Amino acid sequence: MSEHGHHEVKSPVGWMDRPAKVKRLFMLFYAICAALFLSEFVLMGTENLHPHPLEERMGFFVYPVYGFISFWFLVLLARPMRTLLIRSEDYYEGGGAYDPSSDPGHVSTHSQGSDEGMGHPGIGDPGSEVTDAR
Amino acid sequence: MLGSAPPFVLFFLGAIVVALTKGTLRKSVLLSVPLLGLVNLFMTAGADVGAPSAIGESVTHVYLTLELLGYELQLYRADKLSLLFGYLFHIAAFLGFIYALHLGDGIPDGSVASEVEEEDVIGNSSAGMQHVSAMLYAGSALGAVFAGDFITLFVFWELLAITSAFLVWARNSDQSYGTGFRYLIIHVVSGVLLLSGAMMLAHQTGSIEFGHVAGELHGDEGGGLAAAGLPALLLLIAFGIKAGFPLAHNWITEAYPASTPTGTVFLSAFTTKVAVYALARSFGGLDELIWIGTAMTFFPIFYAVLENDLRRVLGYSMVNQIGFMVAGIGIGSALAMNGAVAHAFADVIFKGLLFMSMGAVMTMTGRTKGTDLGGLYKTMPLTATLCIVGAAAISAFPLFSAFVTKSMIMVAAIEEHHYIVWLFMLFASAGVLEHAGIKIPFFAFFAHDSGIRTKEPPKNMLTAMSLGAVLCVLIGVFPGVLYSLLPFEMDYHPYDTRHVLTQLQLLCFGALGFITLMKTGVYPDEKRAVHIDAEILYRKLGPLVVTSVGEFVGRVDNTVRAKMVGLLGSALAGLSRIHGQVGPLARSWPSGNMVFWVSLSLAVYLLFYLFF
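Just so you know, the sequences run in chain order E and U. For what it's worth, my numbering labels the leading residue of the first sequence as 1, then goes sequentially. For what it's worth, my numbering labels the leading residue of the second sequence as 1, then goes sequentially.
Only chain E is shown next, with the shape it has when bound in the complex:
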């Protein structure tokens, strides 16, 4: 790669630039999740050596539900926390409040026009969604 190769967007093209591949990967992951959800029936047949009151009370699907809810809880609590605590990057060097207009967000070292096909879809999605969310 040339010294300035990082400005050339098109090469190399990664697997994430191929929507079909990303989609297949996601389908695989969803299948794994489904299998793990069904594996609850396997668990019913095993003895729990260290039962927790939560498991005794809820009975089934404790871990999938807990894992899923934990992520949402984490993020839903982190968002108001950000509103309260966010400050400018140079806050400790004398800066003040956070100014969204001076934050370029995600930057690319290549121009936006040649960004076609990048970061879409699937795992690539968040990048664009992240920018949209702001």
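Hints listed in this document are in silico derivations from the structure and should not be mistaken for laboratory results. The structure presented is a predicted model; accordingly, all values stated were derived computationally and were not measured. Where hints are given, some of them may not hold.
Unchecked claim - Covered stretches of chain U, going by a simulated chain E footprint (3 or more residues, C-beta under 8 Å):
(1) 292-306
(2) 413-422
(3) 509-523
(4) 531-539
Heads up, the beta-carbon is just placed ideally off N, CA and C, and yes, glycines get one too.
Let chain E serve as the given structure and place chain U on it in line with the hints.
Below, chain U without anything else, positioned relative to chain E:
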């Protein structure tokens, strides 16, 4: 002969040799010191303490003592607990030095780090200083771990602080100077508290032995902190500062991102783990630690979601992981204590691997912020893969290291009926997956393509990361080796259908949660900003209080001075009015006046005489 030499001696001598040599010779010294040390430790203390016949009994060997002011200092004491950390620190030093081997060889091929504003973002210019201080730092950690008394511990405690501060300063930026000084002050304060506590303890008990403190003072274990008294509290705060207890945790999140790519790898390995070791030795079973540890697992994960600098995210992750260890030490059962130290062992490897992968990204791109990175899997596929191995290890996926270590603490929490603690820790485990398991590799290597095109890091970096990754998997697949090194007897088998399946359920549905959060746009985006944390106390409020108190005192001082000067002035003016040249008392009075006053007083006297 070598057997009686404490492990730190080899490293301190090695540091001198490293300082005097250059090039290939220096590199071979860097690699051979930890290897020789490991062999030495294995052949001597390892053979004495860890021998098969010794299992089940508490075997302690003291190899080197020194008399000082009537106290016996134990410079080299080994038992199973210290031996485990001894092995760990040798491995960490070895991996760290492989990782740092390219320093001073110029900018790696393909690195675009020069694009960023910072002059020496990869820390190339201070290679010698970094090698020497890292060698001394590793030696100090070993010295602390094999110290048999609090005085020796104190000496190495402070040496840890001083030697590692140079790794922060090595970045040679304005920010790292300030951060390094704050880091040093915080750690020196910790050392002073340690010495004060140790001296008070020696006064009360007559012993300076580095052992179980709460039990020493109270007569039994688990007597609580209140029963143990002030010396124990001072020692706990001293250890707690280094372990990153809540409110004292920001030195971690400040210093780690401020150091060089290679310096942070060393920083992440030693200081906090020495503190965990000290807590395990002195405060095992202290109830307060359960909740302190739980708090440490809990709050940093929120910051980790919001933080932009990926090495700072790993700093918060560090606090979170130490939280599990501290809680395990607080629970205090054999399984929990084993879990805590085993998790410390695993953590040094997988957290080291994660810091190495971020250091590799920093070396090759000059950037560590989520907003600047993304899409690097295209040009750094090996680094990305190794980072994912570290991410899987810290997230406790089956067949990876944390699965066999963290679960011991979780099971111990249930066994000891700490149900709420267990719920918090399970939530924190999901949080680990979010910030370290998904966020770190995702934002650095995938996500939105930043357009940065670079190459894989130098071979030595890849080698160190590969070795780290192999260890993460080996510990996960063959936990028996690590278990046999643990200090307490236990019967624990991590691999059963229920544990594997429930853990996979937790993690995969957590990841599913992440995907839904992303798809719905609820997941907070990366922002170029800081989020206020406890450090505001000494970085903003402290200076503010000092300056405003200074201003207030200055103003009061000025006013009082002005008032006093005014008062003095008017007093002087008054005096000069009376005594001055034209004042009534300074006037020359005619003698007739005197005659008048004398006759008047005589007349008054006569009147008194006549009538009274």
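Item to check | Within 8 Å of chain E (C-beta), three or more residues of the region 531-539 of chain U | outcome: Three-residue rule met by the region 531-539 of chain U, so holds; n is 5.
Next on the checklist: Can you confirm whether chain E covers the region 509-523 of chain U, using C-beta to C-beta distances below 8 Å and requiring at least three such residues?
Outcome noted: holds (count 14)
Next on the checklist: Is the coverage entry for the region 413-422 of chain U by chain E consistent with the three-residue Cβ rule at 8 Å?
Outcome noted: Per the Cβ count (4), the hint holds.
Next on the checklist: At least three residues with a C-beta closer than 8 Å to a C-beta of chain E: is that true for the region 292-306 of chain U?
Outcome noted: holds (count 4)
The structure is consistent with each of the numbered hints, conforming to all of them.
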